[in-house]
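Participant: Below, each chain spelled out in residue letters.
Protein chains: 2
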Amino acid sequence: MNVKQEWITYIEDLQNKICTALEQADAGATFIEDRWERAEGGGGKTRVITNGHVFEKGGVNTSMVYGVVTDLMRQQLKIEGVNWFACGLSLVMHPANPFVPTTHANWRYFELYDAENNITDQWFGGGADLTPYYLFEEDAVHFHQVLKNAQDPFGEALYPTHKKCCDQYFANHHRNEEMRGIGGVFYDHLRPTENFDIGKLFNFQQANGDSFVEAYIPIIEKRKHTVYSDDNKYWQEIRRGRYVEFNLLHDRGTIFGLKTNGRTESILMSLPPTVRFDYNYQPVAGSGEEKLLDACLHPKDWLGIDANDEVNVEWAGR
Amino acid sequence: MNVKQEWITYIEDLQNKICTALEQADAGATFIEDRWERAEGGGGKTRVITNGHVFEKGGVNTSMVYGVVTDLMRQQLKIEGVNWFACGLSLVMHPANPFVPTTHANWRYFELYDAENNITDQWFGGGADLTPYYLFEEDAVHFHQVLKNAQDPFGEALYPTHKKCCDQYFANHHRNEEMRGIGGVFYDHLRPTENFDIGKLFNFQQANGDSFVEAYIPIIEKRKHTVYSDDNKYWQEIRRGRYVEFNLLHDRGTIFGLKTNGRTESILMSLPPTVRFDYNYQPVAGSGEEKLLDACLHPKDWLGIDANDEVNVEWAGR
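Taken in order, these protein sequences are the chains called A and B. With positions in the first sequence counted from 1, the corresponding number in our numbering is that position plus 513. With positions in the second sequence counted from 1, the corresponding number in our numbering is that position plus 513.
Next up, chain A with everything else stripped away, as it sits in the complex (with noise of 0.2 Å):
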């Protein structure tokens, strides 16, 4: 198979698919796109909503970029090779309602070449996370359980591993590791091996790419309606503020996406439409704020699996 071409085809068809979705959910505001290109190669597509009746804003990327491998590429992301390829979809949303929660999900697939062009290392990362400023445990499990649901039939490990690569990555380490969210699934660097081909992990990736709708949208349609206060959006305000303090702090992808020249515009447009940063600002003991809080800062185990344990994964490559 031709992995690059299949997948470049199966990303676009992906970023339709979901943008759909998100309009139909938010019954308002479409998608603006706009182009762009790299002047080193390639380019993208970067969609944008902004005050819909849902999504005060929200982005859905694709990018497909190339091009020869730098030192700061060698040092940063420990890669060896000559080019290099990348294609993947990047979507976060952020709606006006804080009990709506925000999501943020990647797909990506990345080859190495050698000076004759031949690929000398492939791998897919990806993963899907969910940041409410409220906390109902019945969404929490139902976006937990639909991810789940989408890498089992791989292996029944994977999913707890991945889960627990989440909690660890979403994390601001500056915070005692209080998490922006109650995560999701997080994997990279996985390469095909002789027990789970290259095609094997393709597949894996569409299963993880699928289910986002479904992981996502029954959340929106359930909370969209539930009337707010001033407090609540202070609250999710505050929130916010933790979500820029971890993108541009410590996302692995935000920071190396503008040291390396990437678009600014679209690789920012993760960020909160309006946020607050109060000094020390503390959550009223017992209330919704401080479970919220709570969750964060002790990753749960929403679907009843021990993911603390350590888990013996037969995932080779990792």
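Treat each hint with caution, since some may be false.
A pair counts as met if it fits within one copy or between any two copies, since identical chains are not told apart.
[Stated by the list, open to error] Cross-link-like lysine to aspartate or glutamate pairs, in silico, EDC-like; alpha carbons within 20 Å at most:
{"#": "1", "residue 1": "Lys746", "residue 2": "Asp791"}
{"#": "2", "residue 1": "Lys772", "residue 2": "Glu690"}
{"#": "3", "residue 1": "Lys558", "residue 2": "Asp791"}
{"#": "4", "residue 1": "Lys746", "residue 2": "Glu569"}
Worth flagging that the hints you see were computed from the coordinates, not collected in a lab. This structure is a prediction, so every number in the text was calculated from the model and none was measured.
Chain A is already provided as a structure; the job is to place chain B on it using the hints.
Facilitator: Positioned in the frame of chain A, the structure of chain B alone reads:
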């Protein structure tokens, strides 16, 4: 002279003096103080003002910290030695009125010691910069002139050099070097030499610290009663987004503080109270907003000194 002890005394006096002047200009709110201790050694006094007549949020912090030189410090600060000491004052003031500029200033002193506790290295660093949301050239000229007047007695080549360093430092490299404001002065690693001994350096540092009130307060007084619209506030919040981007992506002090177990709430008091991140926001052609953006994209020579030429500085140890 006991530089360390005299510097601590100076910094604590300066904190009091600056807070008093800012409270008088605000004529509404007062600073609250949080004292904190650092597990590895030292501590600080964080003073924060909120929802005043002038200041929506601001902080004037001192810290006096010390410890063992770690591998991270060797790597990131490029320093050698067994133990270190640092003491400084750092302030950021965010006015509510978009016609009153934000300001930041910092003055610091660093010592390194060998195993016998002999000083093996010592230096001063500091600076002050102004971040207006609308450009009043006379304010920029006033701010720069006061800073220049403070430095000129120590050598007329100092201000042009430190102005240029400031333009280069406070730039968002991921946005074509767009500055966060209209600059000021910035200097680091000022070490004693034969011609410029530690006492003279101390006096230079004091002259800078002492000039702050005269540089900033008259601008507040001139602008604080200006009537502003929702559109002016919107633009201020967009520019505050650039301030957040600079502080979290590029500011060496912020990143190093957070990575070395500094007090997160004291470090991040620098972030503005309310912020907007719009996708691809562009000011209207010919507007006041565009005029400000232009000044940030093309650092100006406010005092008629061409600071963009190479400056030949009689300033050893740089």
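Participant: Next, verify each hint and record whether it holds.
Facilitator: Results for each hint:
Within a single copy, Lys746 and Asp791 get their C-alpha atoms as close as 14 Å, and across copies as close as 18 Å, so both meet the 20 Å cut-off. In this assembly of identical chains, Lys772 and Glu690 lie within 20 Å of each other by CA distance solely across copies; the values are 13 Å between and 25 Å within a copy. Taking CA atoms no more than 20 Å apart as the test, Lys558 paired with Asp791 passes between copies only; the shortest distance there is 18 Å, against 35 Å inside one copy. In the homo-oligomer, the alpha carbons of Lys746 and Glu569 lie at most 20 Å apart both inside one protomer (12 Å) and across protomers (19 Å), since each shortest distance falls under that limit.
In summary, this structure violates none of the numbered hints.
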